[in-house]
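Model the placement of chains B and C on the given structure of chain A, informed by the hints.
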Amino acid sequence: MFLMNAWYVAAKSGEVADKPLGRKICGENIAFFRDAEGRIAAVDDYCPHRGAAMSLGRVCNGNLVCGYHGLVMGRDGKTVSMPMQRVGGFPSVKSYPVEERNGLIWLWPGDPTQADPAAIPHYEWANSPDWTYDVGVFHVKCDYRLMVDNLMDLTHEAYVHSDSIGQDEIDLSPVNTRVEGDAVYTSRFMYDIPAPPFWAAALRNNDLADDVPVDRWQISCFSLPANVHIQVGVAHAGNGGFEADPKYKASGVAVDFMTPETEDTHWYFGGLARNFKADDPELTETILNRQRKIFSQDFAVLESQQHNMDKHPDRRWLMLNIDSGGVQARRILERRIKQEQEQGLALKQA
Amino acid sequence: MFLMNAWYVAAKSGEVADKPLGRKICGENIAFFRDAEGRIAAVDDYCPHRGAAMSLGRVCNGNLVCGYHGLVMGRDGKTVSMPMQRVGGFPSVKSYPVEERNGLIWLWPGDPTQADPAAIPHYEWANSPDWTYDVGVFHVKCDYRLMVDNLMDLTHEAYVHSDSIGQDEIDLSPVNTRVEGDAVYTSRFMYDIPAPPFWAAALRNNDLADDVPVDRWQISCFSLPANVHIQVGVAHAGNGGFEADPKYKASGVAVDFMTPETEDTHWYFGGLARNFKADDPELTETILNRQRKIFSQDFAVLESQQHNMDKHPDRRWLMLNIDSGGVQARRILERRIKQEQEQGLALKQA
Amino acid sequence: MFLMNAWYVAAKSGEVADKPLGRKICGENIAFFRDAEGRIAAVDDYCPHRGAAMSLGRVCNGNLVCGYHGLVMGRDGKTVSMPMQRVGGFPSVKSYPVEERNGLIWLWPGDPTQADPAAIPHYEWANSPDWTYDVGVFHVKCDYRLMVDNLMDLTHEAYVHSDSIGQDEIDLSPVNTRVEGDAVYTSRFMYDIPAPPFWAAALRNNDLADDVPVDRWQISCFSLPANVHIQVGVAHAGNGGFEADPKYKASGVAVDFMTPETEDTHWYFGGLARNFKADDPELTETILNRQRKIFSQDFAVLESQQHNMDKHPDRRWLMLNIDSGGVQARRILERRIKQEQEQGLALKQA
Numbered sequence: 135m136f137l138m139n140a141w142y143v144a145a146k147s148g149e150v151a152d153k154p155l156g157r158k159i160c161g162e163n164i165a166f167f168r169d170a171e172g173r174i175a176a177v178d179d180y181c182p183h184r185g186a187a188m189s190l191g192r193v194c195n196g197n198l199v200c201g202y203h204g205l206v207m208g209r210d211g212k213t214v215s216m217p218m219q220r221v222g223g224f225p226s227v228k229s230y231p232v233e234e235r236n237g238l239i240w241l242w243p244g245d246p247t248q249a250d251p252a253a254i255p256h257y258e259w260a261n262s263p264d265w266t267y268d269v270g271v272f273h274v275k276c277d278y279r280l281m282v283d284n285l286m287d288l289t290h291e292a293y294v295h296s297d298s299i300g301q302d303e304i305d306l307s308p309v310n311t312r313v314e315g316d317a318v319y320t321s322r323f324m325y326d327i328p329a330p331p332f333w334a335a336a337l338r339n340n341d342l343a344d345d346v347p348v349d350r351w352q353i354s355c356f357s358l359p360a361n362v363h364i365q366v367g368v369a370h371a372g373n374g375g376f377e378a379d380p381k382y383k384a385s386g387v388a389v390d391f392m393t394p395e396t397e398d399t400h401w402y403f404g405g406l407a408r409n410f411k412a413d414d415p416e417l418t419e420t421i422l423n424r425q426r427k428i429f430s431q432d433f434a435v436l437e438s439q440q441h442n443m444d445k446h447p448d449r450r451w452l453m454l455n456i457d458s459g460g461v462q463a464r465r466i467l468e469r470r471i472k473q474e475q476e477q478g479l480a481l482k483q484a
Numbered sequence: 135m136f137l138m139n140a141w142y143v144a145a146k147s148g149e150v151a152d153k154p155l156g157r158k159i160c161g162e163n164i165a166f167f168r169d170a171e172g173r174i175a176a177v178d179d180y181c182p183h184r185g186a187a188m189s190l191g192r193v194c195n196g197n198l199v200c201g202y203h204g205l206v207m208g209r210d211g212k213t214v215s216m217p218m219q220r221v222g223g224f225p226s227v228k229s230y231p232v233e234e235r236n237g238l239i240w241l242w243p244g245d246p247t248q249a250d251p252a253a254i255p256h257y258e259w260a261n262s263p264d265w266t267y268d269v270g271v272f273h274v275k276c277d278y279r280l281m282v283d284n285l286m287d288l289t290h291e292a293y294v295h296s297d298s299i300g301q302d303e304i305d306l307s308p309v310n311t312r313v314e315g316d317a318v319y320t321s322r323f324m325y326d327i328p329a330p331p332f333w334a335a336a337l338r339n340n341d342l343a344d345d346v347p348v349d350r351w352q353i354s355c356f357s358l359p360a361n362v363h364i365q366v367g368v369a370h371a372g373n374g375g376f377e378a379d380p381k382y383k384a385s386g387v388a389v390d391f392m393t394p395e396t397e398d399t400h401w402y403f404g405g406l407a408r409n410f411k412a413d414d415p416e417l418t419e420t421i422l423n424r425q426r427k428i429f430s431q432d433f434a435v436l437e438s439q440q441h442n443m444d445k446h447p448d449r450r451w452l453m454l455n456i457d458s459g460g461v462q463a464r465r466i467l468e469r470r471i472k473q474e475q476e477q478g479l480a481l482k483q484a
Numbered sequence: 135m136f137l138m139n140a141w142y143v144a145a146k147s148g149e150v151a152d153k154p155l156g157r158k159i160c161g162e163n164i165a166f167f168r169d170a171e172g173r174i175a176a177v178d179d180y181c182p183h184r185g186a187a188m189s190l191g192r193v194c195n196g197n198l199v200c201g202y203h204g205l206v207m208g209r210d211g212k213t214v215s216m217p218m219q220r221v222g223g224f225p226s227v228k229s230y231p232v233e234e235r236n237g238l239i240w241l242w243p244g245d246p247t248q249a250d251p252a253a254i255p256h257y258e259w260a261n262s263p264d265w266t267y268d269v270g271v272f273h274v275k276c277d278y279r280l281m282v283d284n285l286m287d288l289t290h291e292a293y294v295h296s297d298s299i300g301q302d303e304i305d306l307s308p309v310n311t312r313v314e315g316d317a318v319y320t321s322r323f324m325y326d327i328p329a330p331p332f333w334a335a336a337l338r339n340n341d342l343a344d345d346v347p348v349d350r351w352q353i354s355c356f357s358l359p360a361n362v363h364i365q366v367g368v369a370h371a372g373n374g375g376f377e378a379d380p381k382y383k384a385s386g387v388a389v390d391f392m393t394p395e396t397e398d399t400h401w402y403f404g405g406l407a408r409n410f411k412a413d414d415p416e417l418t419e420t421i422l423n424r425q426r427k428i429f430s431q432d433f434a435v436l437e438s439q440q441h442n443m444d445k446h447p448d449r450r451w452l453m454l455n456i457d458s459g460g461v462q463a464r465r466i467l468e469r470r471i472k473q474e475q476e477q478g479l480a481l482k483q484a
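Residue numbers (the working numbering), protein chains in the order written: chain A, 135 to 484; chain B, 135 to 484; chain C, 135 to 484.
Isolated chain A, as found in the complex (with noise of 0.2 Å):
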């Protein structure tokens, strides 16, 4: 079960160019197309003719073209012509709201009338031209949650990502979590540690040494409906590490959206958003290779544990301080849900 009534990510907005895109959201097969404005448009990805799917055709004066007889679909999911036809009475399909905010598509998946724009969050990091970022696009073979989960608790960097971002310090620092509103947040600080292979190249790629001593922060925050941001870094020890001046850092943001798919999947959009040398697209993507390798180790883990959830239903999970955050998180998400059905039984009893 999902969350309807949220803002997911739902693409980048290079993967929506000339070309329609089909992708599955929240259970709901979806064609993502652009008008003639070039705005961004989601309606379901089913001709209303024959069936096929809307995806498969292509984008003529701003509307989708079904490829298979050419009926004419707007924006809205109404027919708008097809070749020696009346459309008046042809029978519309649902369309989404659907928006486009620095590079990301974001999609509304539950009831229209609800889908306020001003909702979807801004970040600093995404409009500011201090910071640059980029996310990678994956599909995940496990309940989104999972990914949350391990996002709000990082103590398995040290053992799923041993040779980049994990060390031994890790686990010897505590964690603190605590919720304000829909939102969680975990954090760990450490203090005078060596930098690990991951943060001693993003040292050198801010021009910093990389062989001293550093002092290194995790700040996960959880927001609705599964968007986990963690503000990371490391700065040259004794300098007031997370507060320290930006001349003696390299950090950034982790960005992290987690969209389902189906119950059991889901897509992952997640990269690294920094303030410093914002003005190298090499670097870029540089970081982003790097972190491919990092969530490809995640992504197997993840799925082992699908697969035993799927093997062994009935058993119940500890419950650490470690896995506070998720399990608030997860709380959090129960509660709005719960709430949704309610609300959507109560409109239908009206």
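Accuracy of the hints is not assured; some may be wrong.
The list cannot tell twin chains apart, which means a pair is met if one copy fits it or any two copies do.
Here are the simulated DSS-like cross-link-like pairs (lysine-lysine), alpha carbons at most 27 Å apart as the crow flies [to be verified]:
#, residue 1, residue 2
1, K482, K275
2, K228, K158
3, K228, K153
4, K445, K212
5, K158, K275
6, K445, K153
7, K482, K445
8, K158, K445
9, K381, K445
10, K228, K445
11, K153, K212
12, K427, K153
13, K275, K445
14, K228, K482
15, K228, K427
16, K482, K381
17, K472, K153
These aren't lab readings, by the way, just hints derived from the structure by calculation.
Chains B and C alone, transformed into the frame defined by chain A:
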């Protein structure tokens, strides 16, 4: 549900040479082989000894020899012999009426007592020295009736095959559908138009100019159980079109046989019969290769329809004038399948 | 349904070195690893913390360390430690009785209190310096009992392996089957025949003429849970056959262990033990490579049986004299499985 009392194309002759062929047709696993006279035979692909697939075995003296322990089965599904065994009490497996005509193997999956070889259709293009043809064999992951729909409405050529046989003029020309007994005809005539790439090439292959206006025709004919043959071609404009003298024409019959494998997969036998340059086998191969690309475009669309049908079994499709050929063909099929089932029930109760 | 209270070959020793091995046996996901003394250990492949597969982790000081968050598990399935955690209250996972003998790892998937290492069979060929052997590990997509049938009736060699160990004379020689307690023996003796390719090569490998008539024997022995060992060989004809002096022989024991993975898949460990040129590891590899080809021929037939069984679960197979070995083996298995289940029920009620 399939029409069982009917002749289906099961294979091309060349697919059953000295080795047996295993193929599932209308839900039945069947082993095809040749007897001592080279006559085609078809039996249940199941060894009565230990259930191995007979089609993994070999043919010896016109019998099928199980590849596991050497049970020898005749074309009637009875065990002929087995080393060191008395086989008198061995159970038989089903044998199927099967016939070979002009390079095609025809199977009757239903009640053998009703199988009349004389009911296998006779095609001029298959029997006349003025004609030649070849078909490809394709496994398609959709209900065979979606392919019938496809072939009874060639409007789709303008979209699915815009780079070969499609052209905008198709869309702008009305179609006419008529039913005659259990046959359905859909026709479309276009006048004074450019030849699309496939037909321009065919004109050149027939030593005719390809840069002059042509008249073009498409006359689809559906017959039971799921055969669609389409008279197709172009003639230099103003010479009578479909009725023009052969010297102005490149034309032929698009030959399509659909044979259900399961409820949502089928075998597709498709190619072009032509009566120009009939003695040029290289041209036959060239044309079939052009068609392979065309067919693969169809498969992508049809499989997306199947996917959407599975997801939304409740949704009804539109029935426009262009769909009329497929709609009528499905009605005939449904009526005949219902008749067949009632007849079977009556026989059981009698 | 499997016999659970039994020793199964689970892996070759070399498959579990410094990394853990995950393998499903009798429906249970199991992680194998070595403790600090190098002794083999087997636990449920499930981390009690968050359900990740323990086999994705690493081994440290003889314990298994979860690759997700570092939970340290001992060979008894109990949590030894976890960074920053008190683990006293952590639930244990199941550990399995497991033993290593002569290059093979044996697992007892059932009730641990009934596991007696002394019940692991002792094989002369595995313990004598005069002998050598190797087995391959194969994943086969069929019920393990189909492989038992296969090995208890070597008639199939004449058909399935006609290019290696098969020859027509097999077919013409009667088999004898007898039951001794829970063991079943099937034997066949052939006299004054040519050596088939596999055995001709073995004669040459043993510096014996391969172009003279031989006597050949096959004595299959089934023992619980699903082991079939076959005395096989040829001797120059007229020297006593199976009883001949070794100087006239190329012979050995075909070693086959079948270990269920699921109801319709199994792990197959197969090879040849021999007492000629036992000190020639290159010959061992040569023979195993010849066998790999032979086994793959079996797999194709067995998987076709499985497919036909699934399609026609109601059909009964013939039980000929040649099938008697497999039939008797299945009866013993069924009886023992029934006993085991009644015993389990009685224990529960007590």
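Results for each hint:
Taking the shortest Cα distances, K482 and K275 never come within 27 Å of each other, neither inside one copy (34 Å) nor across copies (39 Å). Taking identical chains as interchangeable, the C-alpha atoms of K228 and K158 lie at most 27 Å apart only when both belong to the same chain, with a minimum of 14 Å there against 39 Å between chains. Taking the shortest Cα distances, K228 and K153 sit within 27 Å of each other inside one copy (20 Å), while across copies they are farther apart (52 Å). In this assembly of identical chains, the alpha carbons of K445 and K212 lie at most 27 Å apart only when taken from different copies (21 Å versus 44 Å within one copy).
In this homomeric assembly, K158 and K275 come within 27 Å of each other (Cα to Cα) both inside a single copy, at 13 Å, and across copies, at 20 Å. Taking CA atoms no more than 27 Å apart as the test, K445 paired with K153 passes between copies only; the shortest distance there is 24 Å, against 40 Å inside one copy. Taking the shortest Cα distances, K482 and K445 sit within 27 Å of each other only across copies (24 Å), while inside one copy they are farther apart (36 Å). Taking the shortest alpha-carbon separations for K158 and K445, both the intra-copy value of 25 Å and the inter-copy value of 12 Å come in at or below 27 Å.
In this assembly of identical chains, K381 and K445 lie within 27 Å of each other by CA distance neither inside one copy nor across copies; the values are 51 Å within and 56 Å between. With identical chains, the CA atoms of K228 and K445 are at most 27 Å apart between copies only, with a shortest distance of 15 Å across copies and 36 Å within one. Taking the shortest alpha-carbon separations for K153 and K212, only the intra-copy value of 19 Å comes in at or below 27 Å, while the best inter-copy value is 55 Å. For the homomeric pair K427 and K153, the shortest alpha-carbon distance between copies (21 Å) is at most 27 Å, but the shortest distance inside one copy (29 Å) is not.
Taking CA atoms no more than 27 Å apart as the test, K275 paired with K445 passes in both settings, with 15 Å inside one copy and 20 Å between copies. For the homomeric pair K228 and K482, the shortest alpha-carbon distance inside one copy (19 Å) is at most 27 Å, but the shortest distance between copies (49 Å) is not. When the C-alpha separation of K228 and K427 is checked against a cutoff of 27 Å, the pair qualifies neither within a copy, at 38 Å, nor between copies, at 33 Å. Neither within a single protomer nor between protomers do K482 and K381 lie at most 27 Å apart by alpha-carbon distance, with minima of 58 Å and 70 Å respectively.
For the homomeric pair K472 and K153, neither the shortest alpha-carbon distance inside one copy (38 Å) nor that between copies (44 Å) is at most 27 Å.
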